[in-house]
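Asker: Sequence:
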Amino acid sequence: MYDADQQKVLLNRTKAFLQAKEKLDTDNVDALRDVLRFHEWRYYVQDNPAIADPEYDQLFKQLQAFEEKHPDQVTPDSPTQRVASDLTKEFPEVNHLRPMLSLDNSYNEEDLRDWDRRVRSFLEQDAKVEYSVEPKFDGASIAIVYEDDYLRRGATRGNGTTGEDVTPNVKVMNTVPLKAPFSENGIKRIEVRGEVMINKAHFKHFNEQRMAEGLSILANPRNAASGSLRMQDAKEVAKRGLEAYLYQVGIAEDAEGNSMLDEAVTTHAESIALLNKLGFKTPTDEIRVCTRMEEVLAYCREWEEKRDDYPYEIDGMVIKVNRFDQQEQCGYTSHHP
Numbered sequence: 000m001y002d003a004d005q006q007k008v009l010l011n012r013t014k015a016f017l018q019a020k021e022k023l024d025t026d027n028v029d030a031l032r033d034v035l036r037f038h039e040w041r042y043y044v045q046d047n048p049a050i051a052d053p054e055y056d057q058l059f060k061q062l063q064a065f066e067e068k069h070p071d072q073v074t075p076d077s078p079t080q081r082v083a084s085d086l087t088k089e090f091p092e093v094n095h096l097r098p099m100l101s102l103d104n105s106y107n108e109e110d111l112r113d114w115d116r117r118v119r120s121f122l123e124q125d126a127k128v129e130y131s132v133e134p135k136f137d138g139a140s141i142a143i144v145y146e147d148d149y150l151r152r153g154a155t156r157g158n159g160t161t162g163e164d165v166t167p168n169v170k171v172m173n174t175v176p177l178k179a180p181f182s183e184n185g186i187k188r189i190e191v192r193g194e195v196m197i198n199k200a201h202f203k204h205f206n207e208q209r210m211a212e213g214l215s216i217l218a219n220p221r222n223a224a225s226g227s228l229r230m231q232d233a234k235e236v237a238k239r240g241l242e243a244y245l246y247q248v249g250i251a252e253d254a255e256g257n258s259m260l261d262e263a264v265t266t267h268a269e270s271i272a273l274l275n276k277l278g279f280k281t282p283t284d285e286i287r288v289c290t291r292m293e294e295v296l297a298y299c300r301e302w303e304e305k306r307d308d309y310p311y312e313i314d315g316m317v318i319k320v321n322r323f324d325q326q327e328q329c330g331y332t333s334h335h336p
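Counting in numbering that gives the first Met the number 0, the final residue of the sequence shown is number 336, and the numbers go up one at a time with none missing.
Among these hints, one or two may not hold up.
Here are the simulated EDC-like cross-link-like pairs (lysine to aspartate or glutamate), alpha carbons at most 16 Å apart as the crow flies [what the hints assert, rightly or not]:
#: 1; residue 1: Lys276; residue 2: Glu39
#: 2; residue 1: Lys203; residue 2: Asp115
#: 3; residue 1: Lys88; residue 2: Asp232
Hints in this document: simulated from the structure, not taken from any laboratory.
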């Protein structure tokens with residue numbers, strides 16, 4: 000998202016604001032917002048903070064104080080706008096832009112070889128098939144809609160067709176940009192999908208805190224993430240340390256409503272790379288594109304050995320036909336792609 004030159008500029012700007020060499024006013028308040036977004040990205044998406052927490056808090060309070068004095072200068076994507084001030088009394092139901100279908104399950108290698116044969120039977124003879132393989136995150140599924148680059152809605156999976164609108168709780172997750180430049184790729188509206196999770200280490204620490212306070216401990220990271228996503232107080236949600244890993248594009252449309260899945264990106268792996276480039280937390284390092292089923296099986300075995308050491312809970316691997324046009328050719332049942 001940020002190249003080396005951009006990072007250097009933002010780090011220099013950080014020092015200037017920390018040392019109060021720049022007086023915060025209407026001319027440079029956007030620069031401070033850019034600095035804060037940069038450090039959110041470094042901390043939450045890259046897991047590589049560039050400043051200490053107290054320094055970030057100092058910058059955040061500068062912006063907060065300015066916006067309190069100049070409410071007309073507050074922007075929808077300002078870092079201060081993540082946490083809503085009001086309680087969410089109810090979560091209205093919303094329809095997903097495209098159904099969130101379930102994944103078909105397989106528990107042995109022969110099942111996957113059969114599936115590979117079925118996939119090839121749907122395609123032209125001798126068609127080259129690529130499979131993307133990545134961990135199946137064990138959390139709470141989410142669908143997030145951006146329009147004109149701004150985050151407009153976040154919803155739970157629900158029954159796959161209809162979910163609950165939990166937008167205030169999605170906004171508190173620092174791994175979810177409030178604004179992302181999709182328009183630079185000709186995309187006006189996009190629905191991105193992923194999993195809301197809690198890091199294993201953070202979950203352990205959170206339970207230790209609850210025990211110290213005499214509260215009941217939470218059963219597992221998945222239940223903790225799912226329950227936190229539906230809490231009515233976004234301020235409390237922000238304390239839970241939720242993270243969203245985005246791993247799929249549901250739809251992507253241009254200004255005329257035409258699909259951009261074969262324009263801006265043509266494969267699943269390309270869509271993940273695009274989301275990562277735009278500042279989202281994605282399984283970029285974990286995904287592997289394979290051209291043969293034996294490669295797929297080998298990668299699954301590799302993850303079977305190291306899954307316990309992964310910082311997030313996973314419950315298997317997801318294997319997808321990589322090319323979007325081939326996905327469409329293979330089709331869907333009423334439940335599964």
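Asker: Does each hint fit the structure? Answer for all of them.
Answerer: Going down the list of hints, with the structure as the test:
no. : hint              : in the structure
1   : Lys276 <-> Glu39  : holds, 15 Å
2   : Lys203 <-> Asp115 : violated, 40 Å
3   : Lys88 <-> Asp232  : holds, 9 Å
In summary, the one numbered hint that this structure violates is 2.
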